[in-house]
Amino acid sequence: MNRIATALAAAGVLLTAGFAHADTLSDVKARGTLKCGVSQGLAGFSAKDDKGAWSGFDVDFCRAVAAAVFDDPSKVEYVPLSAEARFPALQKGEIDVLSRNSTWTLQREAELKLLFAGISYYDGQGFMVPAGKNVMGALELGGSKVCTQSGTTSALNAQDYFKQNKMELELIQLPTVDEVVKAYADGKCDVLTTDVSQLYALRLKLPKPADHIVLPDVISKEPLGPVVRQGDDAWLNIVKWSLYALLNAEELGISTASLDQALKSDKPDVKRFVGTDGAYGEQLGLTKDWAVRIVKNVGNYGEVFERNIGSQSSLGIPRGINQLWSAGGIQYAPPIR
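Numbers -22 to -1, 1 to 315, taken from mature numbering (1 follows the signal peptide of the UniProt record, and there is no 0), label the letters of the sequence shown in order.
If you're looking for bench data, these hints aren't it; they were derived computationally from the structure. Do not take every clue at face value.
Stated by the list, open to error - Below, computed lysine-lysine pairings styled on BS3-like, alpha-carbon distance capped at 30 Å:
{"#": "1", "residue 1": "70", "residue 2": "249"}
{"#": "2", "residue 1": "266", "residue 2": "249"}
{"#": "3", "residue 1": "123", "residue 2": "70"}
{"#": "4", "residue 1": "123", "residue 2": "144"}
{"#": "5", "residue 1": "91", "residue 2": "123"}
{"#": "6", "residue 1": "13", "residue 2": "242"}
{"#": "7", "residue 1": "53", "residue 2": "111"}
{"#": "8", "residue 1": "266", "residue 2": "7"}
{"#": "9", "residue 1": "274", "residue 2": "53"}
{"#": "10", "residue 1": "242", "residue 2": "266"}
{"#": "11", "residue 1": "13", "residue 2": "29"}
{"#": "12", "residue 1": "183", "residue 2": "29"}
{"#": "13", "residue 1": "199", "residue 2": "91"}
{"#": "14", "residue 1": "29", "residue 2": "7"}
{"#": "15", "residue 1": "242", "residue 2": "199"}
{"#": "16", "residue 1": "26", "residue 2": "186"}
{"#": "17", "residue 1": "199", "residue 2": "166"}
{"#": "18", "residue 1": "13", "residue 2": "186"}
{"#": "19", "residue 1": "166", "residue 2": "186"}
{"#": "20", "residue 1": "249", "residue 2": "26"}
{"#": "21", "residue 1": "141", "residue 2": "111"}
{"#": "22", "residue 1": "274", "residue 2": "249"}
{"#": "23", "residue 1": "183", "residue 2": "13"}
{"#": "24", "residue 1": "199", "residue 2": "183"}
{"#": "25", "residue 1": "186", "residue 2": "91"}
{"#": "26", "residue 1": "141", "residue 2": "53"}
As the list claims (entries may be wrong) - What follows is a list of derived Cβ distance ranges for each label pair:
{"#": "27", "residue 1": "185", "residue 2": "242", "range": "45 to 55 Å"}
{"#": "28", "residue 1": "29", "residue 2": "290", "range": "34 to 44 Å"}
{"#": "29", "residue 1": "134", "residue 2": "265", "range": "35 to 45 Å"}
{"#": "30", "residue 1": "69", "residue 2": "146", "range": "31 to 41 Å"}
Keep in mind that this is a model prediction, so the values were computed, not measured. For every residue, glycine included, the Cβ atom is placed at its ideal position computed from N, Cα and C.
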């Protein structure tokens, strides 16, 4: 028994040591590319065109991290993952970071041993219905057949909402987004439920998008953000501060168009951001101009939002609570100092 206990203790030490010495940054640099997990195709967030080029809000975050590390946003290998496969792929080291409309929950950190690096998009779950049904709100959906994707928080949220409001529910769960959309389009379900941002994207896949409406009701909190494995705090900091750099850049008025002017600025907070004052990049294991690289190659948070999912995109999602705190929203980044 003593020998078994000693062996188990030694194994625990080795396991702990393995986590303590994880060095994702060195692995990424040695490989020469960032492996970034994305969706299998969600308009505005992560989608591949007919030439194989990826684009979207979540894709631009991958590009931002690659820009911070390599000064080259093209050094990303995109790994499309289903909802059910996304977290195991990260746990097994098949990707370096997950940037795939994933909701931050306690279970995903405590049980799956993952860490969310921040909230890139504040979302909430909603419902889409055919406009012809003349449904004005979610409380009118009792007795409906509701389609959603398996392996997500959407099914649990829908069950909670219908139960709480004493409404009958027939929940149809399907493994992929495309199967969910097809079932809805074919009339196999009356309602499609997922995050509101995703509903806007999925509506574009329907034969006549204008014939479907997203109801105003939001039934859950869905804070979406990039995810990394536990055990590598240095890599977590790089991913986390890449997100905060995007937000701080917008707040400071630093964009792709104004970057040259920012590099000459005498303002203390701008000097810290662009690396002309302090050694903040080196403290992350990067270069002085790490944040400049992000803005130069990707833009600031507002630019990323608007071109992919906002007013400049086909989705046209209102900025809403994803505005900066200084503009009436709740997006807020810690300062670089």
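Against the structure, the hints:
no., hint, result
1, 70 x 249, "39 Å, violated"
2, 266 x 249, "11 Å, holds"
3, 123 x 70, "36 Å, violated"
4, 123 x 144, "15 Å, holds"
5, 91 x 123, "35 Å, violated"
6, 13 x 242, "34 Å, violated"
7, 53 x 111, "47 Å, violated"
8, 266 x 7, "17 Å, holds"
9, 274 x 53, "15 Å, holds"
10, 242 x 266, "15 Å, holds"
11, 13 x 29, "20 Å, holds"
12, 183 x 29, "19 Å, holds"
13, 199 x 91, "21 Å, holds"
14, 29 x 7, "27 Å, holds"
15, 242 x 199, "41 Å, violated"
16, 26 x 186, "22 Å, holds"
17, 199 x 166, "27 Å, holds"
18, 13 x 186, "36 Å, violated"
19, 166 x 186, "17 Å, holds"
20, 249 x 26, "37 Å, violated"
21, 141 x 111, "23 Å, holds"
22, 274 x 249, "16 Å, holds"
23, 183 x 13, "28 Å, holds"
24, 199 x 183, "25 Å, holds"
25, 186 x 91, "42 Å, violated"
26, 141 x 53, "47 Å, violated"
27, 185 x 242: 45 to 55 Å, "53 Å, holds"
28, 29 x 290: 34 to 44 Å, "21 Å, violated"
29, 134 x 265: 35 to 45 Å, "43 Å, holds"
30, 69 x 146: 31 to 41 Å, "37 Å, holds"
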